[in-house]
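A.B. asks: Here's the letter readout for the chains.
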Amino acid sequence: AQRVTQPEKLLSVFKGAPVELKCNYSYSGSPELFWYVQYSRQRLQLLLRHISRESIKGFTADLNKGETSFHLKKPFAQEEDSAMYYCAVVQGAQKLVFGQGTRLTINP
Amino acid sequence: DTGVSQDPRHKITKRGQNVTFRCDPISEHNRLYWYRQTLGQGPEFLTYFQNEAQLEKSRLLSDRFSAERPKGSFSTLEIQRTEQGDSAMYLCASSSAGQAYGYTFGSGTRLTVV
Numbered sequence: 218a219q220r221v222t223q224p225e226k227l228l229s230v231f232k233g234a235p236v237e238l239k240c241n242y243s244y245s246g247s248p249e250l251f252w253y254v255q256y257s258r259q260r261l262q263l264l265l266r267h268i269s270r271e272s273i274k275g276f277t278a279d280l281n282k283g284e285t286s287f288h289l290k291k292p293f294a295q296e297e298d299s300a301m302y303y304c305a306v307v308q309g310a311q312k313l314v315f316g317q318g319t320r321l322t323i324n325p
Numbered sequence: 002d003t004g005v006s007q008d009p010r011h012k013i014t015k016r017g018q019n020v021t022f023r024c025d026p027i028s029e030h031n032r033l034y035w036y037r038q039t040l041g042q043g044p045e046f047l048t049y050f051q052n053e054a055q056l057e058k059s060r061l062l063s064d065r066f067s068a069e070r071p072k073g074s075f076s077t078l079e080i081q082r083t084e085q086g087d088s089a090m091y092l093c094a095s096s097s098a099g100q101a102y103g104y105t106f107g108s109g110t111r112l113t114v115v
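Listed in order, the protein sequences are those of chains A and B.
For the numbering used here, add 217 to where a residue sits in the first sequence, where the first one is 1.
For the numbering used here, add 1 to where a residue sits in the second sequence, where the first one is 1.
Okay, chain B solo, but in the shape it has when bound:
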């Protein structure tokens, strides 16, 4: 499968714990995006990388959230001190410069904070 891969598919964690998600984009895509989706809502933008540079962060991304893309390939999204409000589907997408916003999405990581 040469699509966007996300790991894990599901994560259940206790409130206050830290969690980390991984995204492997399509190899030739230099742009990587993280979105969050809650029940009944469309995806909301969190952050965006071009190669290894994080170029934009949403106000939704509080200090407890951090994202990295160390070598311009895979990316990680870490949430520290999780809260119940963090429960959501976290989506990763990638694109190349020539696709004019034709994102390819991963299957997502569903986070449940109990």
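Chain A extracted, bound-state conformation:
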């Protein structure tokens, strides 16, 4: 079964500093990966998907098949980026397998 590992439960950086949230996956084929975000008192929402190669709110994530990683990066953190971030991989035909999440705190 596919697994997702987010090694950091907590990550704290200063405003304006670069941010990298780590995600490693186990998958034997071509994975489909996502980042979801949950801001305080809000519902879980899709941030970005690797297939789209998009940048959302300044965040990007590159799939590295050699390292089986899909780290989320932002060059300059903002206070409004403080949230829970979940990496997820598609398993089977339909369902997502989530990592345990990383709580990102941006200090002023």
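Hints were generated in silico from the structure; no laboratory data involved.
Heads up, some of the hints might be wrong.
Unchecked claim - Derived, one-sided and incomplete: chain B residues facing chain A with beta-carbon distance under 8 angstroms:
no., residue
1, 39
2, 46
3, 89
4, 104
Note that beta-carbon positions come from the ideal geometry of N, C-alpha and C, so glycine has one too.
Following the hints, position chain B against chain A.
C.D. replies: Just chain B now, kept in the frame of chain A:
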């Protein structure tokens, strides 16, 4: 609000009681998912519907759990004979076939079994 709605938002029940949760997906979404999330963990898959058909169930879904989506619209998740270990946030999500796994999540139902 045209998002995914879940009811109730919170439920406190005594051990051994039955509880039922409801999820109303986005109307044009034919796929509906139930997930469970415990403290410090990511959401865990429970079950999935395409229209009214329940196509997959997790091993996490014991015999005490049952889910339905009778007309391919709203869904219910029932837990019979609740146990303290059932305490969690129960999340519903929906998607359409063309969204390629871009789920829209509801706010969840927080269950506390005392």
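A.B. asks: Now tell me if each hint is right for this structure.
C.D. replies: Status of the hints after comparison with the structure:
| no. | hint | result |
| --- | --- | --- |
| 1 | 39 | 10 angstroms, violated |
| 2 | 46 | 5 angstroms, holds |
| 3 | 89 | 14 angstroms, violated |
| 4 | 104 | 7 angstroms, holds |
Against the hints set out earlier in the document, violations occur for numbers 1 and 3.
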